[in-house]
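Chemist: Make a model of the complete structure from these sequences and hints.
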Amino acid sequence: MKKGLLTCLVCFCLTPAFCSSIDSLLGVLDRSIEQRPATLQQKYRRIADLRSELARSGNRQDSFQLILRLTNEYRSFNYDTAYLEVQRLRKVAATGHEQLQAGILEAFVLLSSGLFREAIDELNELSIQGSPDSIRAQYHFNLARSYFDLADAYTGYLNNEGQFQSGLQYLEAAIDATAGSSAERLSFEALRALKLGRREASKRIYQNLIERPDITTRQLAIEYSALSSLYRNTDPDSSLIFLIKAAIADERASVKESTALTNLANHFFQEKEFERASRYINLALADANFFGAQHRKMQILHSLPLIENQRLELERSKYRQFVFFSATLAVLLLFSLLLIIRTQRQKRQIDLQNRQINAQNQKLIERETAIRRAYQKLEDYAQELSESNQLKEKYIGHFFESNTNLINKVHALFSGALKQVREGKFKEAIYSLQQFNDDYEKKRLLQDFDATFLTVFPSFIEQINRFFPETERFEMPPPNTLSTELRIFALIRLGISNNHTIARIHNFSVNTIYAYKTRIRNKSSLSNDEFDQAILGIRTIWDDPAAETGSPGT
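Read in order, the letters of the sequence shown correspond to residues 177 to 730 in the numbering used here.
Since the hints were made in silico from the structure, they are not lab data. For every residue, glycine included, the Cβ atom is placed at its ideal position computed from N, Cα and C. Any given hint could be a false lead.
[Unchecked claim] The following label-pair restraints were derived from C-beta to C-beta distances: (1) Ala224 <-> Gln275: 26 to 36 Å; (2) Asn465 <-> Gln217: 15 to 25 Å; (3) Arg620 <-> Leu509: 42 to 52 Å; (4) Ile606 <-> Glu651: 35 to 45 Å; (5) Phe590 <-> Leu477: 51 to 61 Å; (6) Asp352 <-> Gly272: 55 to 65 Å; (7) Thr504 <-> Gln218: 23 to 33 Å; (8) Thr215 <-> Gly272: 16 to 26 Å; (9) His682 <-> Arg649: 47 to 57 Å; (10) Arg375 <-> Gln218: 29 to 39 Å; (11) Ala329 <-> Lys618: 47 to 57 Å; (12) Thr631 <-> Ile526: 47 to 57 Å; (13) Ile606 <-> Leu515: 26 to 36 Å; (14) Arg375 <-> Lys618: 41 to 51 Å.
Modeler: Next comes the structure, spelled out in structure tokens:
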């Protein structure tokens, strides 16, 4: 009666109407964890009552039932005690039916501790001939679960598929041995659909199952975990909700052999909530140590160092921020003090400076004449530098923007790859880094150069063609582009005449650049010296009014 009321209360509290949001569910879970001492005290009280009743019992059949109940209390709570109790149960068992119950329960205890092959061997030694359907169902289901867990534990091994198929066969036998409307049969059918990849059918059965009033708190946790795995890829929020509900049910049933807290820790680790992930993974490790399940410890210890390292890094980051802000505040206070002192000194210096200014004014008048003469010279120099400055402003601005975009792109690519490396996704990180195509970026930079150059020298191709006979003139390239030959002389027009520099820009050898320049000069109707001077004399958009209307090169 008490178990039924507890089950109804748990189901009532876990319905979406009362725990609809993830935050509220996490609050329920955290309160359940805080209430662990009280929950454990209730469990120990039940165990003590059973032991007291067993000590007073003088009937073998009553003793068998009491030890059976004790074993059930311990089977998902503590492996060592559960194993001792099941051995005592086997000694008390007198009938074949009782021996079969004890053997199946021992196999369950072995299975819970990760001893899958030992559980299979134990079940294979039992004979279920003539046993009732309830015993046959539990026998076949424990065999099915043993093979499934064995296949999951050794994924990729040679006989993995055979173990999986054996699990399916025993699961079918368990379904055949159960009543058509029982919660046990629904649970078996849901597991079968899950293993066969029938996800929608499995979801539907599990949804019906968790709404039944006759399901135990422990079984409710198992079904919630299964639903969480079904929704993981399609509906992450629902998956998280079911996983939290599974953890709450485990806490209220004092279950120590569970994966819910471990899976929650891994989820919050991925979400970068390292403090919560650390708290849950350490609770899961404490549960695994308490129960004594080696395979659970191995699963937890795989994630624990990663989570703890990130948590410690978060703590160190907070400490560094505290030190930084404290130091910054101290520096600001010191700076304010120095500023006050400096202000006082400056006030005393103002009168002295005013007197000095009056004396300097006379000197400035004398220098003004000299400055005017120098200014006239500067105007002459400014005229000569005007074109150069305009070119510099144009190209510096353009290539600063291009280089910034390239740096941002590389930074984003590197950051994404670094994140994937931290998450252990090495193949994805390598693939991300391989997306950077330096040849493409080089080509794009040259295209940007061409477009910008033709903006400044819109009639460049038309003007350079004047230096060649009609038959040797350059053909007009596509809009906003220059051929390699034209780009070489465009660089020369900008003052870049060093063959090594031009070769590096084009990724050519120096000899290749020299050959290009020689071949083009030889085609010109001008001498080499005249040709070079003519190139430098090609006019920009600022000193060629006719070019403002555009040219074939643009």
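Chemist: Next step is simple, just say for each hint if it's right about the structure.
Modeler: So, going through the hints one by one against the coordinates:
1. The given range of 26 to 36 Å is respected by Ala224 and Gln275, whose C-beta atoms sit roughly 28 Å from each other.
2. With their beta carbons about 20 Å apart, Asn465 and Gln217 fall inside the hinted range of 15 to 25 Å.
3. For Arg620 paired with Leu509, a C-beta distance near 50 Å keeps the hint of 42 to 52 Å intact.
4. Restraint check, Ile606 to Glu651: a C-beta distance of roughly 44 Å satisfies the suggested window 35 to 45 Å.
5. At roughly 31 Å, the beta carbons of Phe590 and Leu477 sit outside the given window of 51 to 61 Å.
6. The hinted range of 55 to 65 Å is not satisfied by Asp352 and Gly272, whose Cβ atoms lie roughly 22 Å apart.
7. For Thr504 paired with Gln218, a C-beta distance near 53 Å fails the hint of 23 to 33 Å.
8. The given range of 16 to 26 Å is broken by Thr215 and Gly272, whose C-beta atoms sit roughly 38 Å from each other.
9. In this structure the supplied range 47 to 57 Å is violated for His682 paired with Arg649, their Cβ-Cβ distance being about 22 Å.
10. Take Arg375 and Gln218: their Cβ atoms lie about 37 Å apart, and the range 29 to 39 Å holds.
11. Separated by about 51 Å at the C-beta atoms, Ala329 and Lys618 satisfy the suggested range of 47 to 57 Å.
12. A hinted range of 47 to 57 Å holds for the C-beta pair Thr631 and Ile526, which are about 52 Å apart.
13. Our hint of 26 to 36 Å for Ile606 and Leu515 is violated, since their Cβ atoms are close to 53 Å apart.
14. Under the hint 41 to 51 Å, the C-beta atoms of Arg375 and Lys618, about 49 Å apart, fit the expected range.
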